[in-house]
Amino acid sequence: MTRAVVPAVFAIPYERMFEPLLVADPSFQPAWDRFLDEWCDKKGDLPLYLALSSLARHLIGRLAAGDTQAFPAVFDVVERWHLEGDPYVREAATIGLIEDLQNDGLHHTTQPADFERWLRPVSRNFWEQVEKYWSDGTPILLD
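Add 503 to the 1-based position in the sequence shown for my numbering, that's all there is to it.
Have a look at the derived ranges for each label pair, beta carbon to beta carbon:
1) Q572 x G547: 32 to 40 Å
2) L553 x L644: 22 to 30 Å
3) A576 x D639: 32 to 40 Å
4) W542 x N606: 16 to 24 Å
Quick caveat, the hints were computed from the structure, so don't treat them as lab data. It should be emphasised that the depicted structure is a prediction, and the values quoted were computed from it without experimental measurement. Glycine included, C-beta positions come from ideal geometry on N, C-alpha and C.
Input sequences plus hints: build the corresponding full structure.
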(Lines of atoms letter the chains of each structure in order from A and count residues from 1; the text may use other names and numbers.)
(Lines give C-alpha, C1' and ligand atoms only; values in the text may rest on other atoms or scores of the structure.)
Protein backbone atom coordinates (compact mmCIF):
# COMPACT_ATOMS: atom_id res chain seq x y z
CA MET A 1 0.00 0.00 0.00
CA THR A 2 1.27 3.48 -0.87
CA ARG A 3 1.36 5.85 2.09
CA ALA A 4 1.09 9.56 1.58
CA VAL A 5 3.86 11.72 2.97
CA VAL A 6 2.15 14.32 5.12
CA PRO A 7 3.87 17.71 4.93
CA ALA A 8 4.66 19.67 8.09
CA VAL A 9 2.97 22.73 6.57
CA PHE A 10 0.00 22.03 4.37
CA ALA A 11 0.28 23.50 0.89
CA ILE A 12 -3.46 23.13 0.32
CA PRO A 13 -5.60 24.14 3.29
CA TYR A 14 -9.35 23.60 3.44
CA GLU A 15 -10.07 27.25 2.56
CA ARG A 16 -8.11 27.03 -0.69
CA MET A 17 -8.93 23.48 -1.74
CA PHE A 18 -10.77 24.39 -4.93
CA GLU A 19 -8.30 27.01 -6.20
CA PRO A 20 -6.01 24.56 -8.06
CA LEU A 21 -9.02 22.60 -9.31
CA LEU A 22 -10.54 25.70 -10.92
CA VAL A 23 -7.24 26.34 -12.70
CA ALA A 24 -7.13 22.72 -13.91
CA ASP A 25 -10.77 22.73 -15.03
CA PRO A 26 -12.23 26.20 -15.56
CA SER A 27 -15.46 24.62 -16.85
CA PHE A 28 -16.34 23.84 -13.21
CA GLN A 29 -16.33 27.57 -12.34
CA PRO A 30 -20.09 28.13 -12.94
CA ALA A 31 -20.99 25.23 -10.61
CA TRP A 32 -18.51 26.54 -8.03
CA ASP A 33 -20.02 30.03 -8.26
CA ARG A 34 -23.54 28.61 -7.76
CA PHE A 35 -22.27 26.69 -4.72
CA LEU A 36 -20.71 29.84 -3.23
CA ASP A 37 -23.86 31.87 -3.92
CA GLU A 38 -25.99 29.25 -2.20
CA TRP A 39 -23.79 29.06 0.90
CA CYS A 40 -22.42 32.63 1.20
CA ASP A 41 -24.95 33.70 3.84
CA LYS A 42 -24.70 30.54 5.92
CA LYS A 43 -22.71 30.56 9.14
CA GLY A 44 -19.76 28.24 9.62
CA ASP A 45 -17.47 26.50 7.21
CA LEU A 46 -18.51 25.81 3.65
CA PRO A 47 -19.78 22.23 3.19
CA LEU A 48 -17.11 21.30 0.65
CA TYR A 49 -18.34 17.72 0.50
CA LEU A 50 -21.40 19.06 -1.33
CA ALA A 51 -19.13 20.88 -3.78
CA LEU A 52 -17.14 17.67 -4.28
CA SER A 53 -20.35 15.81 -5.06
CA SER A 54 -21.11 18.49 -7.65
CA LEU A 55 -17.59 18.07 -9.02
CA ALA A 56 -18.07 14.30 -9.32
CA ARG A 57 -21.31 14.83 -11.25
CA HIS A 58 -19.55 17.41 -13.44
CA LEU A 59 -16.70 14.99 -14.23
CA ILE A 60 -19.09 12.13 -14.93
CA GLY A 61 -21.02 14.40 -17.29
CA ARG A 62 -17.83 15.43 -19.07
CA LEU A 63 -16.78 11.79 -19.37
CA ALA A 64 -20.19 10.88 -20.82
CA ALA A 65 -19.80 13.70 -23.36
CA GLY A 66 -16.29 12.54 -24.29
CA ASP A 67 -14.90 15.87 -23.06
CA THR A 68 -11.91 14.67 -21.04
CA GLN A 69 -9.06 16.93 -22.15
CA ALA A 70 -8.85 18.53 -18.68
CA PHE A 71 -8.83 15.19 -16.83
CA PRO A 72 -5.03 14.81 -16.62
CA ALA A 73 -4.79 18.21 -14.90
CA VAL A 74 -7.86 17.51 -12.73
CA PHE A 75 -6.43 14.24 -11.46
CA ASP A 76 -3.06 15.91 -10.88
CA VAL A 77 -4.97 18.19 -8.49
CA VAL A 78 -6.68 15.23 -6.83
CA GLU A 79 -3.24 13.71 -6.28
CA ARG A 80 -2.01 17.00 -4.80
CA TRP A 81 -5.04 17.05 -2.48
CA HIS A 82 -3.95 13.63 -1.20
CA LEU A 83 -0.28 14.55 -0.88
CA GLU A 84 -0.32 18.24 0.09
CA GLY A 85 -3.73 18.80 1.62
CA ASP A 86 -4.53 19.43 5.24
CA PRO A 87 -6.32 16.52 6.97
CA TYR A 88 -9.76 17.73 5.83
CA VAL A 89 -8.62 18.07 2.21
CA ARG A 90 -6.98 14.62 2.19
CA GLU A 91 -10.08 12.96 3.61
CA ALA A 92 -12.46 14.89 1.36
CA ALA A 93 -10.49 13.92 -1.75
CA THR A 94 -11.21 10.27 -0.93
CA ILE A 95 -14.55 10.25 0.88
CA GLY A 96 -15.98 13.25 -0.97
CA LEU A 97 -14.75 12.86 -4.54
CA ILE A 98 -13.41 9.36 -5.18
CA GLU A 99 -16.32 7.73 -3.40
CA ASP A 100 -18.80 9.74 -5.49
CA LEU A 101 -16.96 8.91 -8.72
CA GLN A 102 -17.44 5.24 -7.81
CA ASN A 103 -21.16 5.65 -7.14
CA ASP A 104 -22.90 3.55 -9.80
CA GLY A 105 -26.08 5.55 -9.28
CA LEU A 106 -24.40 8.65 -10.73
CA HIS A 107 -23.37 6.84 -13.92
CA HIS A 108 -25.83 6.32 -16.75
CA THR A 109 -23.72 5.84 -19.87
CA THR A 110 -20.37 5.55 -18.10
CA GLN A 111 -18.98 3.42 -15.31
CA PRO A 112 -16.69 4.19 -12.37
CA ALA A 113 -13.80 2.18 -13.83
CA ASP A 114 -13.68 4.64 -16.75
CA PHE A 115 -11.87 7.08 -14.43
CA GLU A 116 -9.08 4.71 -13.42
CA ARG A 117 -6.81 5.61 -16.34
CA TRP A 118 -6.41 9.17 -15.00
CA LEU A 119 -5.64 8.21 -11.39
CA ARG A 120 -2.18 8.97 -10.04
CA PRO A 121 -0.45 6.54 -7.63
CA VAL A 122 -1.72 7.81 -4.26
CA SER A 123 -5.19 8.50 -5.60
CA ARG A 124 -5.25 5.01 -7.12
CA ASN A 125 -4.44 3.59 -3.68
CA PHE A 126 -7.40 5.42 -2.17
CA TRP A 127 -9.61 4.41 -5.12
CA GLU A 128 -8.76 0.76 -4.38
CA GLN A 129 -9.38 1.25 -0.66
CA VAL A 130 -12.83 2.67 -1.36
CA GLU A 131 -13.58 -0.30 -3.63
CA LYS A 132 -12.51 -2.72 -0.88
CA TYR A 133 -14.58 -0.86 1.67
CA TRP A 134 -17.71 -1.25 -0.47
CA SER A 135 -16.96 -4.88 -1.38
CA ASP A 136 -16.05 -6.29 2.03
CA GLY A 137 -16.08 -3.50 4.62
CA THR A 138 -12.29 -3.11 4.85
CA PRO A 139 -11.67 0.24 6.59
CA ILE A 140 -10.22 3.07 4.55
CA LEU A 141 -6.83 4.13 5.95
CA LEU A 142 -6.49 7.85 5.32
CA ASP A 143 -3.21 8.39 7.17
